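One-letter residues, chain by chain:
Number of protein chains: 2
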Amino acid sequence: MTPMVRVQNFTVSSDGYGSGTGQSHERPFGHANPAELMSWAISTAHFPNRAAPGGTYGLDDYIVRDYSTNIGAEIMGRNKFGPQRGPWENHDWQGWWGNEPPFHTPVFVLTHHPRPSFTLSDTTFHFLDASPKDALAQALAAADGKDVRIGGGVATVRQFLDADLIDTMHVAVAPIELGHGEQLWESPEELVDRFHLERVPSPSGVVHHFFWRR
Amino acid sequence: MTPMVRVQNFTVSSDGYGSGTGQSHERPFGHANPAELMSWAISTAHFPNRAAPGGTYGLDDYIVRDYSTNIGAEIMGRNKFGPQRGPWENHDWQGWWGNEPPFHTPVFVLTHHPRPSFTLSDTTFHFLDASPKDALAQALAAADGKDVRIGGGVATVRQFLDADLIDTMHVAVAPIELGHGEQLWESPEELVDRFHLERVPSPSGVVHHFFWRR
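Each protein sequence line maps, in turn, to chains A and B. So for the first sequence, this note's numbering puts the first residue at 1; every next one is plus one. So for the second sequence, this note's numbering puts the first residue at 215; every next one is plus one.
FYI, nobody ran anything at the bench for these hints, they're computed from the structure. Here the structure is a predicted model, which means the values were calculated and not measured. Every clue listed holds true.
List time: in silico SDA-like cross-link candidates among lysine to any residue, alpha-carbon distance up to 25 Å: (1) A:146 - B:318; (2) A:146 - B:263; (3) B:360 - A:47; (4) A:146 - B:282; (5) A:146 - B:337; (6) B:360 - B:336.
Stretches of chain B that chain A covers, calculated by requiring three or more beta carbons in the stretch to come under 8 Å of a beta carbon on chain A: (7) 277–291; (8) 416–424.
Ideal Cβ placement from N, Cα and C applies to all residues, glycine included.
Produce the entire structure from the sequences given, and follow the hints as far as they go.
And the structure:
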């Protein structure tokens, strides 16, 4: 199959916010509580950073375990890598993702302030000052025939949507309100002129939204 | 993770039948129409034998494309291989699955009439006269750390359920009645003493039933 550009497991509040305001080193999601936003995924058997055995094997687990299937590279915004703004003070800190990042592929971080690439376990981070289209060309080359994940955050997903570069998108809408922060949409209906939309309520309380190009 | 024993994409009618009566070379599902029973899967983008491009990327497609994920071997009953009963008249016919079988792993066919193994593309068929437990031990060894799929038909799934060898099971219940044939259950409730059960209606009309061990 032709490689696809996919958004996966992107979670927003019922009012459309993917993260809160006030991002800091200690609070990657600002005032939003990621454990609350992501609880649908955290409780599944295949959640990547799952510490203890157990977990569910229902609908949410299918979606969580599809995260790596046929993905060859990810593109993320700088704010998904870390809370720094402007020029890097140094290159010591290597992002929020620990020594075993859950990506297992090349990751392209979009930033106006590139820095040297580095590798943690089987994930290599590259830093690009590039348009969505040019970044995607590099990611597709690195993905070697597999798909490219657009990893977020909200601003990055919006950029790729605006450039009409996304083929399929899965967004989980969590049953919490955030009120302010980074907003993906006011309503998923905004996208139905370009995408098929299938809504599937999960027993966990989130509503899965599956989009694919018309 | 420890290898699991999984039933996947097994489809039954609303009255619990996985196939009809009167299996023959021309009618692998007997009086049941497989295109009707399996239409939820056939319409997805990742259906293995999909001829034309297109297809859906919603809930049903996640489930269809999980079919191969982390599967290292399949066990099937003889009636899923072919319609013959009793001793093989010859070994010329190589099953219903064509020259490019959708399994891509070793497949163990349970039969009281073993015949020599053979390979079609990247699928090798082995024939075993063995108990579920002994067949599973061989399949797990061949799967080399990956999971084993119990591929059906109904009698084979029932055998493995009765021997309590199944860890997770996905059954799609299609909105058609068959009235008679090979029955998996009178009701999925029969299994809830041993399994968690999550029911998820799909926009396609099937109801996905996800079971995992308590």
